[in-house]
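Enquirer: Using the sequences and the accompanying hints, generate a full structural model.
Sequence lines, in order, name chains A and B.
By our numbering, the letter at position 79 of the first sequence is numbered 79, and the numbering carries on one by one without gaps.
By our numbering, the letter at position 175 of the second sequence is numbered 292, and the numbering carries on one by one without gaps.
Since the hints were derived computationally from the structure, they do not count as laboratory data.
No experiment lies behind these values; they were computed from the predicted model shown.
Every residue, glycine too, gets a C-beta built ideally from N, C-alpha and C.
Just so you know, not all the hints are guaranteed correct.
Claimed, not checked - What the simulated footprint calls covered on chain A by chain B, stretch by stretch (three residues with Cβ under 8 Å from a Cβ of chain B suffice, anywhere in the stretch; the number is not a length):
id : stretch
1  : 10-22
2  : 50-56
3  : 70-76
4  : 85-99
As the list claims (entries may be wrong) - If you only want the chain B side, here are some residues facing chain A, beta carbon under 7 Å, derived:
id : residue
5  : Asp141
6  : Ala245
7  : Gly257
8  : Met272
9  : Ala324
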Amino acid sequence: MSNLQITGYKCKHCGRIHYPRHEQCLQCHGREFESIAPEGNATLLAYTQIFNLPWGFDERFLIIGVAQFGNGIKSMGQIKAESLDQLHTGMQLRPVWEPVRYVYGEPVYGLKLEPMG
Amino acid sequence: MRDVAIIGVGMIPFGRRDQDSLIDMLAYASMKALDDAHLGDKAVDAVYVANMGGGILQHQTGIASALVDRLSLLPAAADLVENGPASGASAIKNGVQAIASGYSDVVLVAGGEKMREVTGWRATDFVATLTHPESEYPYGITLPGMAGMFTRLYMEQHGLTAEALVAVAIKNQEMGALNPYAHVEMMITKEGIFDSPHSVVNNPLVADPLRLYDACPVSDGAAAVLMCPLEMARELTEKQPVVVAGFGQATDTHTLQERDDPTDLKAVRLAAQQAFDRAKLKPSDVDVAELHDAFTVLEIAESEHVGFFGKGEGSKAALAGLTRFGGKIPINVSGGLKARGHPVGATGVAQVVEITWQLRHELPKERQVKNAKVGLTVNFGGFGNNVLAFVLRRAS
Numbered sequence: 001m002s003n004l005q006i007t008g009y010k011c012k013h014c015g016r017i018h019y020p021r022h023e024q025c026l027q028c029h030g031r032e033f034e035s036i037a038p039e040g041n042a043t044l045l046a047y048t049q050i051f052n053l054p055w056g057f058d059e060r061f062l063i064i065g066v067a068q069f070g071n072g073i074k075s076m077g078q079i080k081a082e083s084l085d086q087l088h089t090g091m092q093l094r095p096v097w098e099p100v101r102y103v104y105g106e107p108v109y110g111l112k113l114e115p116m117g
Numbered sequence: 118m119r120d121v122a123i124i125g126v127g128m129i130p131f132g133r134r135d136q137d138s139l140i141d142m143l144a145y146a147s148m149k150a151l152d153d154a155h156l157g158d159k160a161v162d163a164v165y166v167a168n169m170g171g172g173i174l175q176h177q178t179g180i181a182s183a184l185v186d187r188l189s190l191l192p193a194a195a196d197l198v199e200n201g202p203a204s205g206a207s208a209i210k211n212g213v214q215a216i217a218s219g220y221s222d223v224v225l226v227a228g229g230e231k232m233r234e235v236t237g238w239r240a241t242d243f244v245a246t247l248t249h250p251e252s253e254y255p256y257g258i259t260l261p262g263m264a265g266m267f268t269r270l271y272m273e274q275h276g277l278t279a280e281a282l283v284a285v286a287i288k289n290q291e292m293g294a295l296n297p298y299a300h301v302e303m304m305i306t307k308e309g310i311f312d313s314p315h316s317v318v319n320n321p322l323v324a325d326p327l328r329l330y331d332a333c334p335v336s337d338g339a340a341a342v343l344m345c346p347l348e349m350a351r352e353l354t355e356k357q358p359v360v361v362a363g364f365g366q367a368t369d370t371h372t373l374q375e376r377d378d379p380t381d382l383k384a385v386r387l388a389a390q391q392a393f394d395r396a397k398l399k400p401s402d403v404d405v406a407e408l409h410d411a412f413t414v415l416e417i418a419e420s421e422h423v424g425f426f427g428k429g430e431g432s433k434a435a436l437a438g439l440t441r442f443g444g445k446i447p448i449n450v451s452g453g454l455k456a457r458g459h460p461v462g463a464t465g466v467a468q469v470v471e472i473t474w475q476l477r478h479e480l481p482k483e484r485q486v487k488n489a490k491v492g493l494t495v496n497f498g499g500f501g502n503n504v505l506a507f508v509l510r511r512a513s
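Expert: Structure below.
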């Protein structure tokens, strides 16, 4: 499993932003996209705390959420919080690039989100 | 196109079946369906097998070929259908299309899954392979995790309450306790899983805000149906035929994050609409429904999206008992996935088996919906990214 890059795809015809990649725009079926990187902080859209983890994770729990960056890219990421009491939908999160899992002892880097303020 | 009738059904009890292989289970359920129809030596043209995880969990492929050989139904055509947790309904759909088009006359559909021979850790990972391999799976998201996020949004936006989820859990386990095929035959109380201070121990969080008793068990099991053209049904069997009046199937984005409104189960809505339109029936015509309650929240959300209740009304309906046995629209009288269990490849077939029993009026009175004529099933794949619905009707 390689490191997880987040590249958004902005439809050159209608402007809809996609992540992950599609061959045709979900809205207008356009086929030309501009590749964009996530920008700025992110707004928390949905979250949960998972206690029954899948194979490959040794943690007691994971807090996972979906957040939207300032330029419209929406992505899933792990949230750096000890409890859900620190979270609410609509709050701002700071993106950081850290290991999200280990495969055969090697870190896989991906999106983590830190609550702000 | 020809009308399609279900003329035989079979199921084996769901649960932990260490003694049986995947093929054993599929074969036992298939033989029950063949015997149920009293088909004798009439030929089966085609066999569709629903299974999601044989390649991963049993390290076995070519499962349809193995089953048709085990059943000595050679040289019938045989195909495996994999559509995640909606594999069962997808396999039935393939059978319906084969018969309706005239390519096949007698079709057997068997769905099965053997999930208990791996640890819970592995089973959770297996089901999580449904998620997006780059943007979701590596983060450790699970299907309960998806459902947890969905539940919180539904609570924030559509008035869903924890009490309504508890009402569904209690109802379905109560019905499961009456179903000899159910994995979980244990009644639960609101005191034990919600009101009591000990409930946090009895009913721990799985994926906040969902708790243990909001989730279906991990199960082994199999179910099968036998179908033919309605015009042939009376010649082939004395059983009361059940007509596949309509089916629908729709897809949605692979990831939840790309849905404009993640609380809108668009694929459920469209699949049900298609099924009702093809059947020339409407939600108010349905006497009994089997909805895909892998999590209690899904029963409530689906009850709204198929048109039984308005958005935000499903919670109130569950709390008011409208979806209980004897209520306005009984849902999951089998116990649903929540109590019958969820061997993923078997589930969509098991739902159709249950509704067939209901429409033939063959169940014991404590589970038989009186005079049931029309039934609905919803089989939910991924997290709502591939959904099938069937409207079944008792033949006149």
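Enquirer: Hints broken by the structure, by number, lowest first?
Expert: Violated: hints 4, 5, 8.
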